[in-house]
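Using the sequences plus the hints, can you model the full thing?
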Amino acid sequence: MTRNNPTNRASLSRRSGFCSSNQSCASGRKADVLLKPLIRCNLITFTRDLQLLQQKPFLPPVPRRQLAGSADFSAPSETNPGSLGRPSPLPVPSRLRAGGRSGAAAYLPPSGATALSLAPHRPLAMPNIVLFSGSSHHDLSQRVADRLGLELGKVVTKKFSNQETSVEIGESVRGEDVYIIQSGCGEINDNLMELLIMINACKIASSSRVTAVIPCFPYARQDKKDKKGAVERWSRAPISAKLVANMLSVAGADHIITMDLHASQIQGFFDIPVDNLYAEPAVLQWIKENILEWKNCIIVSPDAGGAKRVTSIADRLNVEFALIHKERKKANEVDRMVLVGDVKDRVAILVDDMADTCGTICHAADKLVSAGATKVYAILTHGIFSGPAISRINNAAFEAVVVTNTIPQEEKMKHCPKIQFIDISMSPCNCRNLRCTFAEFSPMTNLSAVEAHKNDDSNL
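Be aware that the sequence shown starts at 1, since it is given in the UniProt record's numbering, and climbs by one per residue.
Do not rely on the hints blindly, as some may be mistaken.
As the list claims (entries may be wrong) - Straight-line distance between alpha carbons at most 30 angstroms, and here's what the computed DSSO-like set of lysine-lysine pairs gives:
1) Lys-225 - Lys-295
2) Lys-225 - Lys-344
3) Lys-414 - Lys-375
4) Lys-295 - Lys-224
5) Lys-288 - Lys-418
6) Lys-288 - Lys-225
7) Lys-326 - Lys-308
FYI, nobody ran anything at the bench for these hints, they're computed from the structure.
Now the structure itself:
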């Protein structure tokens, strides 16, 4: 029959796409010749990459801006046949150089060509960090820059005739990690607006991240509604600290660094990371270095709200603590104070986060002296010293009033010899985020220094 004809069977096989067991398809032979060398090369490349990962740690690729032919690059050879940036420590198999069993010659670049290769253990470059200073506290900004080995970025601030603030960033910040130092002091509203404009200017200039370093956080005392208002029985006061947090976030801040917030819950007002640094390590060091009788001292809080702060310092010094309960009727006025604790024949150290008109701490100093304290010191994180503060300190029974330089104190120290300051410019440098950035990328950093910094997290 026609079905059993061999010629018909062959044509049927060709039409159906299959070949009989006794025949070989010409297209199949061509595919076999083309695919086998490719499969063999892919298997060899996979084996070499697997061996490389097992033998050596991962190294990042060389930046494209480096030119071929420099000290960090080498020409292709048998051990590096045009790897295009991939290290090739293993020798190339002979079948790749000679073509292998398939007889096809492997690709080798021309003798005059160059290829990228990674220099092993090459130190990474310093990250691009730009530090700007606002107009509120240039001295602190310069101290921080000196400790980090950086120069302050160029920024021009001015006011128009209608008192509007104008800010111009004087250098490129595209892709940079920007830090802006501006403290909440002096002309606080103007300085806050200047900070917001600087943050927004850097953000729309394509900076990768903007960190606002605010040593003294503005409006920190307006962190809650009071039980009673100044005019009526019920308070309708705003929570201004929350408003400031919203303004910083909307302006474009990605990270906030501040010190000794008046209320810790202010950190919860933000939707971005907040590092609240503490002046306690610097305070402890000052006490041990400047008060000879510190082992016989007692740490005193001028109000009940600071009890947690003074107990922490007292535990570190292994001394006792006391507190003064005050009843305040009007703002910046104290009606009655009650001392809880024994301060007789001891050196009393008043510790608080801030002092404005200094009515509280001056009344507390008189109370401690009348209770038998031999000497009275005051240690404050933020010395605002507005209104009659300087005259009150001069007339009070203080041996010294010690403040940190989160707020400029040079002019006030000229009028009050009792005021001394502790430099806290190292505290922002010790912030874990900025510290780890420098520790990981600085070519001068060694492992022991990094481990030593990791043990200093008590500053955070």
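- Item | Index of numbered hints that the structure contradicts, given in increasing order | 1, 2, 4 and 6
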